[in-house]
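Chemist: This is what each chain is made of:
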Amino acid sequence: MQLDRIVISGIGLTSPLGNDLGTFRQNLLEGNSGVSRFPVRNMGDLPAGVCDFEQTKHQKRKEIRIGTRAGSIAIYCAHEALHDSGLELDNIDRSRVGVYLGITEHGNVETETEVCQLFDHYDEEVKYWSHHHNPRTVANNPAGEITINLGLTGPHYTVGAACAAGNAGIIQGVQMLRLGECDYALAGGVSESIRAYGIFAGFKSQGALADHEDPTKASRPFDTGRNGIVVSEGGCIYVLERLQDAQARGAKIYAEILGYRINSDGTDYVLPNPERQEECIRQALDNAGITPDQVDLVSSHATSTPQGDEQECKAIRNVFGDSGNTLVNNTKSFIGHSMGAAGAIELAGNIPSFEDGQVHATLNLDNLDPACALPGLVSGHAVAKEGGVNVILNNSFGMLGINSVLILKKFEG
Amino acid sequence: MNKDKIKQIVLDIIAEIAPDEVLTDVKPEIRLRDQLDLDSMDFLDIVMELRKQHGIDVPEGEYRELESLDSCANYLLPKFETGATA
Chain A
1 MQLDRIVISG IGLTSPLGND LGTFRQNLLE GNSGVSRFPV RNMGDLPAGV
51 CDFEQTKHQK RKEIRIGTRA GSIAIYCAHE ALHDSGLELD NIDRSRVGVY
101 LGITEHGNVE TETEVCQLFD HYDEEVKYWS HHHNPRTVAN NPAGEITINL
151 GLTGPHYTVG AACAAGNAGI IQGVQMLRLG ECDYALAGGV SESIRAYGIF
201 AGFKSQGALA DHEDPTKASR PFDTGRNGIV VSEGGCIYVL ERLQDAQARG
251 AKIYAEILGY RINSDGTDYV LPNPERQEEC IRQALDNAGI TPDQVDLVSS
301 HATSTPQGDE QECKAIRNVF GDSGNTLVNN TKSFIGHSMG AAGAIELAGN
351 IPSFEDGQVH ATLNLDNLDP ACALPGLVSG HAVAKEGGVN VILNNSFGML
401 GINSVLILKK FEG
Chain B
1 MNKDKIKQIV LDIIAEIAPD EVLTDVKPEI RLRDQLDLDS MDFLDIVMEL
51 RKQHGIDVPE GEYRELESLD SCANYLLPKF ETGATA
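Chains as they are written, first to last, in our numbering: chain A, 1 to 413; chain B, 1 to 86.
Simulated from the structure, these hints should not be mistaken for lab results.
Note that the coordinates shown come from a computational prediction; the quantities given were computed from them, not determined experimentally.
Only pairs whose alpha carbons sit at most 16 Å apart, straight line, appear in this in silico EDC-like list of lysine to aspartate or glutamate:
#1 B:Lys5 <-> B:Asp70
#2 A:Lys60 <-> B:Asp37
#3 B:Lys52 <-> A:Asp123
#4 B:Lys52 <-> A:Glu125
#5 A:Lys60 <-> B:Asp20
#6 A:Lys60 <-> B:Glu21
#7 A:Lys62 <-> B:Asp39
#8 B:Lys79 <-> B:Asp4
#9 A:Lys62 <-> B:Asp20
#10 A:Lys409 <-> A:Asp293
Computed Cβ-Cβ distance ranges for the label pairs, DEER-style:
#11 A:Glu88 <-> B:Asp25: 31 to 41 Å
#12 B:Glu16 <-> A:Asp120: 17 to 27 Å
#13 B:Asp25 <-> A:Ile148: 24 to 34 Å
#14 A:Gln247 <-> B:Arg33: 47 to 57 Å
Below, a sample of chain A positions facing chain B; criterion: calculated Cβ distance under 8 Å:
#15 Lys60
#16 Arg61
#17 Arg65
#18 Lys127
#19 Tyr128
#20 His131
Every residue, glycine too, gets a C-beta built ideally from N, C-alpha and C.
Go ahead and model the full structure; you've got the sequences and the hints to work with.
Modeler: Right, here's the structure in full:
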């Protein structure tokens, strides 16, 4: 069966390093950290990645009050992506636009806030519990808020995929386009996780929360001094469409989706499984119809945990160790772990490589852990890739053993 | 407490829950929904804020008493006075 070719024709994002792709990319190339200290309920000021986009740019203040932070992030990214794509909603069938967003979790922030208010101010009397709680916490919330804000009437839902969700949202969009369920997909991932102290506390209890006196140095994948995750918020949404549709309207095409794969470890709640990660990468390569040496850049998932980074490096080394052509970098070292948005944001930060041939570095890699040594690992500063960047492979893995790999190709007609 | 103060209390609540609305020319005798962009969830917010900020409970069967500033004042005045002497 001949599958439709799917391309990216618009990108909208908010990250701790900027609220548009150009700013984000520039900060990555310059080696700037987006991590700062952020007040977390019951836990003090912790290293985190915080976004600073203009919420009222695309939302009324009432919408912001009723909705969620994830919804605001999603709405901002959706507007920016549509604007970037050149699509005018008034000129297309709004029932043919699908919204597919990856989320690591949703509802923790809203539930925690209600519970804390009830305990702190209302003597646990449930009559003070907000009637907004359920629409705020249903799992489709951020995707649904987009449809309400933009008046879209096609399908919308979120894809729960732990920290593999950013890729999963994009993959879902690709699949729905190929099935003919929509003509345009707003697909990607969002996260509001820094607003729930339970997320931080859970990682801390697990021994997986980053701690460093200088927050900009807290996220340090592959470094011997790494000690855990920096939790971040953010979002990235892509406009995806069929190649022939994009060409027919003269759209700017960022890249083509060449292949993907999602698989499961089937082994543990939190511990990664490098064998299954390797398998996922290899199957994605098969799906794309390419060999490892054709991959110019691997955007690694590594979260700065002692064990997780080492395990991913095993998988990458096994697949790309003999490539001789493949560079590896890491975006979490700049912005922390934006959870459900991570895969989508990290991919976006690397997409300009197709045009400028540059590969951003891995930040804070001062003392390479020998267990994380990889051929082609870029650290220190951005490098120009010899021969340019034509294929990017994006790793994104998550708890409960979910692995996702997405492969993009520079579009050349 | 008097009716004018109660109308201002209700307007202050509406200013919080509908921050995009202009409230300088709200007609007290006209239904709030007919002059402001308020829906049923917003009226639940008004009920909730009366409860949280002023300890006043409005039973579900009496929500219609909040349809205008005048009806709010008439309905809420005895509740505020009862609360003040309690």
